[in-house]
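Novice: Line order of the protein sequences matches chains A and B. Just remember that our numbering sits 192 ahead of the position in the first sequence, which is counted from 1. Just remember that our numbering sits 192 ahead of the position in the second sequence, which is counted from 1.
Simulated from the structure, these hints should not be mistaken for laboratory data. Treat the hints loosely; a few may be bogus.
Identical copies carry no separate label here, and so any pair may be met within one copy or between two of them.
[What the hints assert, rightly or not] List time: in silico BS3-like cross-link candidates among lysine-lysine, alpha-carbon distance up to 30 angstroms:
hint	residue 1	residue 2
1	K879	K348
2	K246	K580
3	K493	K300
4	K772	K246
5	K240	K348
6	K493	K538
7	K772	K260
8	K300	K538
9	K772	K547
10	K772	K540
Protein chains: 2
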Amino acid sequence: MVHWAFLLQKAGTQTEPLKMANQIYSTTPRSTWNKGVNPDLDIERQNKSFDVEKLTNILDGGAEFTQKRRQIESIIYSDPVFTLKSNYFMSQNQRYEAAVQKAVHYKKLMKQRGWKEDGVEQNYIYRALAGDTAFNIHSVFQRALRSLGSEEQIRKWGPLTDNFQIIVTYAQTEMGHGTYLQGLETTATYDASTQEFVLNTPTLSATKWWPGDLGRTATHALILAQLYCSGRCHGMHAFLVPIRSLQDHSPLPGITVGDIGPKMNFEQTDNGFLQLDHVRIPRENMLNRFSQVLPDGTYVKQGTPQSNYFSMIVVRVQMLPSEVISALMKACVIATRYSVVRRQSKIKPSEPEVKILDYQTQQEKLFPQLARAYAFHFIDKSINEFFKKSYQEILNGNAVSLPELHVLSAGMKAMLSDHSILGAEVCRRACGGHGYSLLSGLPSLVTKVTASCTYEGENTVMYLQTARYLVKSYLQAQPSQGSLLQTTLPQSIRYLTSTWTDRCLAQKAADFLSPAIYIEAYAHVAARLIRNSAHKLHDLTSSGTDQHVAWNQTTILLVQAAKAHCYHFTVKTFVDSLRKLENEPEIYHVIKRLCDLYALHGLLSNLGDFLHDGYMSGAQADLATATYLDLLSLIRKDAVLLTDAFDFSDESLNSALGCYDGNAYERLFEWAQLSPTNTEGNPAYEKYLRPFLKSNQSKL
Amino acid sequence: MVHWAFLLQKAGTQTEPLKMANQIYSTTPRSTWNKGVNPDLDIERQNKSFDVEKLTNILDGGAEFTQKRRQIESIIYSDPVFTLKSNYFMSQNQRYEAAVQKAVHYKKLMKQRGWKEDGVEQNYIYRALAGDTAFNIHSVFQRALRSLGSEEQIRKWGPLTDNFQIIVTYAQTEMGHGTYLQGLETTATYDASTQEFVLNTPTLSATKWWPGDLGRTATHALILAQLYCSGRCHGMHAFLVPIRSLQDHSPLPGITVGDIGPKMNFEQTDNGFLQLDHVRIPRENMLNRFSQVLPDGTYVKQGTPQSNYFSMIVVRVQMLPSEVISALMKACVIATRYSVVRRQSKIKPSEPEVKILDYQTQQEKLFPQLARAYAFHFIDKSINEFFKKSYQEILNGNAVSLPELHVLSAGMKAMLSDHSILGAEVCRRACGGHGYSLLSGLPSLVTKVTASCTYEGENTVMYLQTARYLVKSYLQAQPSQGSLLQTTLPQSIRYLTSTWTDRCLAQKAADFLSPAIYIEAYAHVAARLIRNSAHKLHDLTSSGTDQHVAWNQTTILLVQAAKAHCYHFTVKTFVDSLRKLENEPEIYHVIKRLCDLYALHGLLSNLGDFLHDGYMSGAQADLATATYLDLLSLIRKDAVLLTDAFDFSDESLNSALGCYDGNAYERLFEWAQLSPTNTEGNPAYEKYLRPFLKSNQSKL
């Protein structure tokens with residue numbers, strides 16, 4: 193590693209360090225070094241087999257978007273308020289304070305520049321800040337207001353929230369109630385005598401728990417509560433409740449509110465708790481587009497709140513690129529760059545230590561994650577297109593695609609978050625000890641993205657919702673129920689009624705590079721598992737088991753079926769997206785390898801499912817393995833460029849390990865010295881260590 | 193949830209909260225509540241099918257050990273210095289300071305009470321403190337001194353370290369070098385003119401990085417460095433180097449030392465960095481039991497440092513119960529208790545919300561982890577017995593079992609850590625949002641145990657070391673190489689030469705409750721994969737591939753083979769351990785179910801391996817699945833008691849979610865209010881929020 197110039201300077205630079213009890217380290221002249229691009233990384237970027245910039249443009253959706261994004265990034269990164277650099281050294285309170293400062297600052301910036309809240313600029317700022325900002329739930333309220341509020345309510349509260357005259361959180365989850373919304377305990381009881389709702393937290397488990405911005409920021413909360421009027425419960429409705437004084441931010445009477453304390457990540461967010469002690473709000477504060485309570489307490493329903501259902505889909509679709517896929521991509525960037533800079537051990541004893549990315553086992557760790565990152569990017573784009581198309585249809589009064597869209601968003605939310613969490617963690621561990629240092633950036637990516645398996649719908653529940661739809665669709669498509677129905681299956685589950693061969697047709701290793709071969713294999717497995725689930729349910733109920741108990745006794749199988757369905761969908765969608773790249777043959781070629789790897793990795797990781805009924809043989813599995821291993825070594829050459837194409841700046845990666853220039857060790861050493869463990873002295877020495885040592889030494 | 197008495201008190205207790213800008217929450221009279229045992233948990237402990245105390249005694253190794261452990265725990269928990277309660281609210285610096293305080297305090301306590309460093313008391317203290325203490329690497333030095341030091345050196349430095357007159361760290365890992373020790377760059381060059389070694393850090397990547405106690409605590413370091421004398425390099429040797437002044441703790445001349453900064457966990461440990469700039473130490477400071485440098489620089493080797501090799505095994509064996517298995521056990525305790533207190537959704541619409549542990553999917557998450565925890569406990573005991581037996585043999589000059597012991601410790605370290613990490617994380621996620629709160633105790637368990645896949649030998653490397661031994665043993669056992677050799681295979685790999693049926697003999701679901709059936713299935717798979725690896729290596733080299741390149745190209749398969757071997761070993765060892773419980777039929781019965789579940793969970797998770805060559809059929813897999821599902825529902829009844837038997841006190845669990853009385857929500861609410869996010873005020877309001885809101889509101 194001869195490129196570190198400081199090595200040449202340092203011979204004989206022995207200096208006397210300062211002597212101070214609390215001094216932790218001494219800096220010597222050796223801490224100045226060359227910071228060119230690490231040659232071990234540099235060489236990876238030579239002999240490009242494709243145009244990296246062109247791939248970046250494709251990922252961004254066009255060169256003009258790349259340009260726009262970089263423009264925003266340069267504005268953000270030139271402003272010291274937006275730095276993320278000291279994040280790893282801050283307490284939860286400091287992180288919160290910095291996030292509020294950033295949020296206030298960028299909201300002003302957006303206003304100055306005339307950027308819209310729902311425009312691309314907002315997305316690019318969010319990406320540049322790595323989500324490290326406040327007021328994120330405010331926009332969830334804005335969306336809920338527009339879906340659930342009357343025109344009058346939108347006119348009244350829209351401008352107040354758009355201009356941040358009030359800050360609103362969305363308070364749904366309770367301490368004892370999450371995904372099962374019917375179980376929420378908070379009550380809103382209508383009092384006709386004063387024309388008010390009385391909001392109340394009847395039990396400890398009814399305490400609102402987790403809403404972002406609630407702990408210390410919000411002035412108002414949109415409270416989801418069970419509505420009681422005209423003598424009975426009408427289910428969950430939304431109520432706008434002032435919770436803090438607009439004068440001095442103190443909690444209003446009857447309000448108990450605070451922060452839920454330390455978490456695995458999201459230190460910047462003041463996730464909060466809230467208890468309401470018979471808090472009264474005017475009748476007008478219930479969002480009443482779809483139902484209202486008349487002054488005398490009569491409950492009136494006005495249509496079905498389909499758009500409420502729809503707004504859940506929106507959040508699930510939106511979180512994928514910004515919260516989930518980006519974390520996986522960043523983890524891939526960091527781990528791949530580090531793996532060509534880190535050398536360890538030898539392949540041949542006579543040669544120097546090799547880059548760890550040259551080990552087959554390291555490729556096996558990282559490349560399936562890289563393939564996932566690309567797969568998920570294209571899948572997300574595809575879901576978004578479907579989403580936009582359906583949205584237009586729904587606006588035009590045609591909600592036929594809503595069930596499919598709902599299930600797709602649930603299943604993809606579960607699968608993409610599960611696999612992104614897994615992938616980010618594989619990348620982290622692939623960096624050994626340094627992957628355990630916060631300064632690598634990897635632990636924060638993992639601990640943050642891991643929350644996505646719970647929020648916006650717990651993943652097991654999401655899979656089971658998907659499975660319910662699949663089983664229902666399968667039963668509907670049975671010829672015995674009328675052959676006409678068979679043609680009505682939506683696109684994403686049409687494979688359930690397709691005719692397939694009983695045996696995989698692959699005869700040689702290269703056959704596993706054929707999407708037709710592997711898509712059919714996935715379809716076969718998914719269809720079999722869905723069929724088995726339906727049959728098991730039928731068998732159980734036929735033998736007298738209560739249908740709900742039967743459902744519970746089938747859930748492990750149902751989750752397995754839903755996962756197989758989701759996997760099939762992702763493989764098929766990746767293949768479909770690939771076709772659009774055919775006019776860029778070099779890029780097509782390199783992404784095709786990732787697509788094949790994605791499909792074969794999933795196949796080999798779930799091999800039992802493919803072998804179970806003899807659809808594939810062990811010999812065919814060996815052919816797939818051979819192809820898979822070949823792909824790993826082919827992808828090796830392009831790996832760094834493929835991660836470069838994601839175009840994450842060093843600032844947003846915030847990683848000492850994954851910097852663009854590959855000078856991982858230099859940066860690690862430099863950053864470590866800025867840690868409070870090095871700058872704040874060592875009071876433990878004076879208090880405990882010194883007396884202990886002195887007392888022991890006196891016995892000499 | 194009517195048992196919370198406070199609910200009855202609170203109607204009409206609306207009080208005016210204090211009005212203060214920085215006040216985050218107001219407490220109302222409702223915060224007093226009953227703290228009896230939660231009836232939802234209480235009922236789980238009734239109708240015991242086995243004696244929990246007796247099982248605890250078995251886990252402890254006898255009733256007298258349970259008593260001893262509880263005695264130590266009561267001493268520890270009665271002393272406020274040892275509290276872990278505020279850990280979740282402390283900064284890294286505070287955690288370090290508290291750990292030093294605890295270490296100093298308990299070392300004094302041990303001296304007062306006459307407890308030995310290597311006695312059970314030390315282990316019980318460590319368990320009670322959940323490892324949250326300092327000076328842990330000091331004992332690694334003590335062990336190294338006794339293995340590698342001469343009698344004279346032991347006489348000189350032994351008492352100094354035993355009495356903590358000096359504190360020593362063990363500095364091996366470098367920034368650029370970990371598992372591959374031959375790559376270490378730090379040099380120790382002998383200068384015959386002064387009879388000194390010159391210790392030097394020639395490059396940045398040679399900086400010592402990670403040693404515990406190094407950052408801020410140690411006065412000395414045992415430095416592993418490449419020895420240069422008489423004109424050439426003699427490889428890695430150990431040198432005792434003073435690094436901090438015994439007067440004022442300042443770094444000595446030529447020493448650059450500090451803390452490596454924030455990590456994913458281990459905040460209490462000052463993992464450090466160290467650079468040496470031509471630091472001189474006397475010739476006597478090289479540990480010289482097995483080699484020494486004479487005054488004139490002649491290098492003299494004295495035997496093979498087999499015990500160095502052995503001390504690595506010791507650490508790997510010792511870390512399993514204290515660092516790895518205990519984390520998995522605690523995660524099981526917390527998640528299981530919470531899962532019978534948390535109710536969510538309904539199985540039958542007509543009935544109340546059910547305990548989440550009644551869901552098949554929740555059982556599928558938690559019970560395999562519980563089975564692992566028991567499996568790993570018994571496997572650890574078994575390895576320890578083998579270890580003690582081998583140790584005696586080695587002392588008597590018979591090192592024949594050393595290779596097997598080495599491989600066993602490497603493979604089991606890798607597998608038990610991998611699966612414990614996975615298991616702890618499954619438990620964490622099974623607790624939904626609350627599992628993401630640090631106050632649940634689960635994130636810390638996960639982020640701490642996850643380090644064990646890297647330290648003391650990176651797991652992929654450990655699996656490959658295991659595989660190398662397996663392939664070698666397989667080849668040695670081939671009849672073509674002489675049939676006599678066949679009988680010499682060590683116990684743990686004797687299955688390689690056993691004769692098995694070609695097909696699994698199971699004909700009905702209950703056959704999968706027969707250990708003979710599933711042990712054979714595991715043996716079959718492991719033997720097949722080892723054989724395949726050997727053949728692939730042979731094929732590659734036969735077709736002209738360099739043997740080292742061939743090895744690299746086979747490593748994915750080799751890791752798979754090693755994992756299958758390890759799995760077989762764990763299943764077989766769990767079954768063997770079970771036999772010792774036959775005289776306690778009730779306990780035998782309940783642990784047998786866990787053993788069966790452990791075996792079937794592994795089989796179904798790796799089903800492709802069992803189906804691949806037709807050893808098992810899809811129909812047999814379905815039988816195994818049926819048995820597996822039955823076991824889940826059978827274990828349900830005993831689940832809480834099985835976790836109670838681990839006998840972790842609330843203090844060492846330090847979990848608001850997993851408390852013994854099951855009052856999870858009460859404790860979560862109480863603890864959250866102690867968080868600095870609630871007690872330190874909200875300066876972000878005055879600084880940023882207030883001006884922002886006021887300025888926006890003024891536009892009204």
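Novice: Within, between, both or neither: how does the pair K772, K547 come out at a Cα-Cα threshold of 30 angstroms?
Specialist: Classified as neither: same-chain Cα gap 35 angstroms, cross-chain 49 angstroms, threshold 30 angstroms.
Novice: Can you give me the call for K772 and K260, within, between, both or neither, at a CA distance of at most 30 angstroms?
Specialist: within (23 angstroms within a copy, 70 angstroms between copies)
Novice: 30 angstroms Cα cut-off: does K879 pair with K348 within a copy, between copies, both or neither?
Specialist: Classified as between: cross-chain Cα gap 29 angstroms, same-chain 60 angstroms, threshold 30 angstroms.
Novice: Please work out whether the CA atoms of K772 and K246 approach to 30 angstroms or closer within one copy, between two copies, in both situations, or in neither?
Specialist: within (14 angstroms within a copy, 66 angstroms between copies)
Novice: With identical chains treated as interchangeable, where does the CA-CA distance between K493 and K300 reach 30 angstroms or less: within a copy, between copies, both, or neither?
Specialist: Neither, since 40 angstroms and 73 angstroms both go past 30 angstroms.
Novice: Checking K493 and K538: alpha-carbon separation at most 30 angstroms within a copy, between copies, both or neither?
Specialist: Between. Shortest inter-copy distance 26 angstroms satisfies the 30 angstroms Cα cut-off; intra-copy 73 angstroms does not.
Novice: Taking 30 angstroms as the upper bound on the Cα-Cα distance, should K240 and K348 be classified as within, between, both, or neither?
Specialist: neither (57 angstroms within a copy, 61 angstroms between copies)
Novice: At 30 angstroms max between alpha carbons, let me know whether K772 reaches K540 within a copy, between copies, both or neither.
Specialist: For K772 and K540, neither the intra-copy (43 angstroms) nor the inter-copy (48 angstroms) Cα distance is at most 30 angstroms.
Novice: Could you figure out if K300 and K538 sit no more than 30 angstroms apart (CA to CA) within one copy, between two copies, both or neither?
Specialist: neither (55 angstroms within a copy, 47 angstroms between copies)
Novice: Checking an output row: K246 and K580, CA cutoff 30 angstroms. Within, between, both or neither?
Specialist: within (26 angstroms within a copy, 63 angstroms between copies)
Checked against the numbered hints above, the structure violates hints 3, 5, 8, 9, 10; every other hint is satisfied.
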